[in-house]
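What follows is each chain in one-letter form.
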Amino acid sequence: MTAIEANVHKDQSSLGTRRIRGRHYILLAVVALLSFFPFYWMFVISSNDSSAITNIPPVVVPGPNFLRSLGMVNEIINFSVPLLNSLFVASVVALSQVFFSTLAGFAFAKLRFRGKGPLFIFILATMTVPTGLGIIPFYFLMSNLGLINTLASVILPGLTTAFGVFWMRQTIDGGVPDELIEAAKIDGASNFRIYRSIVLPAIRPTATVLGLFGFLAAWNDFMWPLLSLNSPENFTVQVAVRQLRSAYFIDYSLQMTGAFLATVPLLILFALVARRMVAGVMAGAIKG
Amino acid sequence: MATNSKKLHRADRVSGFLYTSPFFLIFAVFGMFPIVYTFWVAFHKWDPFSEPKWIGLDNFTNLMADDRLWLAVKNTFSIWLLSSVPQIIFALFLAWVLNHSRIRGNTFWRSVVLIPNITSVVAVAVVFGQLFGREYGMVNWLLTVLGFSPIDWVNGSFASHVLISIMVIWRWTGYNALIYLAAMQAVPEELYEAAEIDGASKFRQFISVTIPQIRPTLIFTIIVSTIGGLQIFAEPLILDGQGYGGGVSRQFSTVTLFMFEQGFSRFEYGYASAIAIVLTVIIISISLVNFLIVRKIQKA
Numbered sequence: 001m002t003a004i005e006a007n008v009h010k011d012q013s014s015l016g017t018r019r020i021r022g023r024h025y026i027l028l029a030v031v032a033l034l035s036f037f038p039f040y041w042m043f044v045i046s047s048n049d050s051s052a053i054t055n056i057p058p059v060v061v062p063g064p065n066f067l068r069s070l071g072m073v074n075e076i077i078n079f080s081v082p083l084l085n086s087l088f089v090a091s092v093v094a095l096s097q098v099f100f101s102t103l104a105g106f107a108f109a110k111l112r113f114r115g116k117g118p119l120f121i122f123i124l125a126t127m128t129v130p131t132g133l134g135i136i137p138f139y140f141l142m143s144n145l146g147l148i149n150t151l152a153s154v155i156l157p158g159l160t161t162a163f164g165v166f167w168m169r170q171t172i173d174g175g176v177p178d179e180l181i182e183a184a185k186i187d188g189a190s191n192f193r194i195y196r197s198i199v200l201p202a203i204r205p206t207a208t209v210l211g212l213f214g215f216l217a218a219w220n221d222f223m224w225p226l227l228s229l230n231s232p233e234n235f236t237v238q239v240a241v242r243q244l245r246s247a248y249f250i251d252y253s254l255q256m257t258g259a260f261l262a263t264v265p266l267l268i269l270f271a272l273v274a275r276r277m278v279a280g281v282m283a284g285a286i287k288g
Numbered sequence: 001m002a003t004n005s006k007k008l009h010r011a012d013r014v015s016g017f018l019y020t021s022p023f024f025l026i027f028a029v030f031g032m033f034p035i036v037y038t039f040w041v042a043f044h045k046w047d048p049f050s051e052p053k054w055i056g057l058d059n060f061t062n063l064m065a066d067d068r069l070w071l072a073v074k075n076t077f078s079i080w081l082l083s084s085v086p087q088i089i090f091a092l093f094l095a096w097v098l099n100h101s102r103i104r105g106n107t108f109w110r111s112v113v114l115i116p117n118i119t120s121v122v123a124v125a126v127v128f129g130q131l132f133g134r135e136y137g138m139v140n141w142l143l144t145v146l147g148f149s150p151i152d153w154v155n156g157s158f159a160s161h162v163l164i165s166i167m168v169i170w171r172w173t174g175y176n177a178l179i180y181l182a183a184m185q186a187v188p189e190e191l192y193e194a195a196e197i198d199g200a201s202k203f204r205q206f207i208s209v210t211i212p213q214i215r216p217t218l219i220f221t222i223i224v225s226t227i228g229g230l231q232i233f234a235e236p237l238i239l240d241g242q243g244y245g246g247g248v249s250r251q252f253s254t255v256t257l258f259m260f261e262q263g264f265s266r267f268e269y270g271y272a273s274a275i276a277i278v279l280t281v282i283i284i285s286i287s288l289v290n291f292l293i294v295r296k297i298q299k300a
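Protein sequence lines correspond, in order, to chains A and B.
Mapping to the numbering used here: the first sequence position 85 is 85, numbers consecutive.
Mapping to the numbering used here: the second sequence position 53 is 53, numbers consecutive.
Mixed in with the good hints there might be a few duds.
The following residues of chain B were derived to be distant from chain A, with all beta-carbon distances above 10 Å [stated by the list, open to error]:
| no. | residue |
| --- | --- |
| 1 | D12 |
| 2 | M32 |
| 3 | F49 |
| 4 | L57 |
| 5 | F60 |
| 6 | N62 |
| 7 | L63 |
| 8 | R68 |
| 9 | P116 |
| 10 | I118 |
| 11 | E135 |
| 12 | L146 |
| 13 | I151 |
| 14 | A195 |
| 15 | V289 |
| 16 | V294 |
On the chain B side, residues computed to face chain A include the following (Cβ under 8 Å) [stated by the list, open to error]:
| no. | residue |
| --- | --- |
| 17 | Y19 |
| 18 | A28 |
| 19 | R134 |
| 20 | I286 |
These are calculated hints, taken from the structure and not from any lab test.
Ideal placement from N, C-alpha and C gives every residue a C-beta, glycine not left out.
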């Protein structure tokens, strides 16, 4: 092959690569459109009046009525109440999952105590138990504890998760050197002191992602809240949206306004932490 | 020194117990106890108006003769297949694109594909329910513009399964794509170079290099989506709008939804618990089949 031929060959292949890259961008743009469209659509429908929804062809741009829809939704359910309830529930669940998971993860990764191995395997095994299927006795239990229709009933079961303990054990095992902990012990530091001053700072990024997942899961949870919370002052956002759907009339602009209100806080949160969330999903994949 | 290390050991024992006990406490009370109790309830006739009465296997024999169960089983499997098979294919393809083109804005595109997953099922069902509405939905409008006849997405049996599957696919494809992407990034570049030298096309490389290399991850996601998919209820519940029936002719009633209906709308606690146990058995059987197939593939 002469030099010229080789050059031509190279040009062709880079042209081909460019074409493939172009195709990839188009594909990703389509995926992005599909990802965003439902969110856009919530706003389109909630900002148009009900008659616009029955238009043919459909109205595809936002209208001027968002504040009016907001007002109508608030007449049915004062939406600030479920928003604050969800914020409270999701924050408590997130903080508690981080605290209990890192604490147990630390114990399983770095402390020596009897039954450690079997207990950890037991925790892994619990992940395969379909606990959602115990919902009937679960309801009786909550009812006997007097917790039905309280926010405590939706917070308590989510305080710790097997996945959290497992993930934090793996993170602490690989992320905190044994020597550091031994040195601190020789200096007379208590285990809790070691946890607080060495372990937690070392794994903060991963622990944050765990908290974010916990927050999202609690914010979006709806089956159990729907069964337990039955007076408007205790509704979480998902229950409130569901109420709008099963209200006496089917009004899509109100439903969509509710769905929009329930989603916007998550979109804002996601915009702030997307990079970490992506890293967390991908890291979890390798360890899982 | 010896007493010192003994003291340290005792400190570890105490802390180990203290630090791990919250999980076991919460799991025992809110996870294990209800599951075990479900077995007891399933052998009783129990409603809000009378004391539980032992009836042996009656709930199970009645259940086996109940057409609603078999319809729910059929619907559940149909929705599971319609949602998981395309989802895995799309996710693999998306991960391949994210991995194999030196595209700009990696973080941006990865975040974009994750966005659907942060949305609640309730919001998804509201939006998709409207988009796929019979009279004024955007999708049916597009179909008529393209010369097809509109589809009754909610009231049709197969159509409603497709609609529910679209919701699941929309919500989970990007998440799975990121998991596959992470696995694909761990595949050694030399394997692709070697395949390239052998003249393998991009598609061939995908089938013969990528898929075998990420097989453990693939299997993991299949198992997880099986356990989750067979318990599906949230999308059908909200699609119905009114109750736990799963549509006017139960066309999208799933096994879990049937359990909720019996437990919380008909208040047949024993019968609902029997449904829960039947579903557990189904999930365990499918997981075992999964496991056996995987072992066979790995041996081959």
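Taking the hints in turn, this is what the structure says about them:
The non-interface label for D12 (chain B) is inconsistent with chain A: the shortest C-beta to C-beta separation is roughly 4 Å, within 10 Å. Its closest Cβ contact with chain A, about 8 Å, brings M32 (chain B) to no more than 10 Å, contrary to its assignment away from the interface. For F49 (chain B), the requirement that its beta carbon stay farther than 10 Å from each beta carbon of chain A is met, with the minimum near 15 Å. Every Cβ of chain A is farther than 10 Å from the Cβ of L57 (chain B); the closest lies at roughly 18 Å, confirming the non-interface assignment.
Consistency note on F60 (chain B): stated as away from chain A, and its beta-carbon is indeed over 10 Å from all of that chain's, at 15 Å minimum. Distance check on N62 (chain B): its Cβ is at least 17 Å (rounded) from any Cβ of chain A, clearing the 10 Å threshold; non-interface status holds. Even its closest Cβ contact with chain A, about 14 Å, leaves L63 (chain B) beyond 10 Å, as expected for a residue assigned away from the interface. With a minimum CB-CB distance of about 18 Å to chain A, R68 (chain B) clears the 10 Å threshold, and the non-interface call stands.
Some Cβ of chain A comes within 10 Å of the Cβ of P116 (chain B); the nearest lies about 5 Å off, and the non-interface call is violated. Not every C-beta of chain A lies more than 10 Å from that of I118 (chain B), the closest at about 5 Å, which undercuts listing it as non-interface. At roughly 7 Å, the least C-beta separation between E135 (chain B) and chain A is not larger than 10 Å, which violates its mark as non-interface. At roughly 13 Å, the least C-beta separation between L146 (chain B) and chain A is larger than 10 Å, which holds for a residue marked as non-interface.
The beta carbon of I151 (chain B) is kept farther than 10 Å from every beta carbon of chain A, the shortest such distance being approximately 16 Å. Distance check for A195 (chain B) against chain A: the nearest CB is about 16 Å away, which clears 10 Å, and the non-interface claim stands. Once the 10 Å rule is applied to beta carbons, V289 (chain B) is consistent with being away from chain A; the minimum gap is 15 Å. Even its closest Cβ contact with chain A, about 15 Å, leaves V294 (chain B) beyond 10 Å, as expected for a residue assigned away from the interface.
Hint status for Y19 (chain B): holds, given a least beta-carbon distance of 4 Å to chain A, under 8 Å. Among the interface hints, the one on A28 (chain B) is violated; its C-beta lies about 10 Å from the nearest C-beta in chain A, farther than the 8 Å criterion. Checking R134 (chain B) against chain A by beta carbon gives a least distance of about 12 Å; that is not within 8 Å, so the hint is violated. At its closest, the beta carbon of I286 (chain B) sits 12 Å from a beta carbon of chain A; the interface hint therefore is violated under the 8 Å criterion.
Checked against the numbered hints given earlier, the structure breaks hints 1, 2, 9, 10, 11, 18, 19 and 20 and satisfies all the rest.
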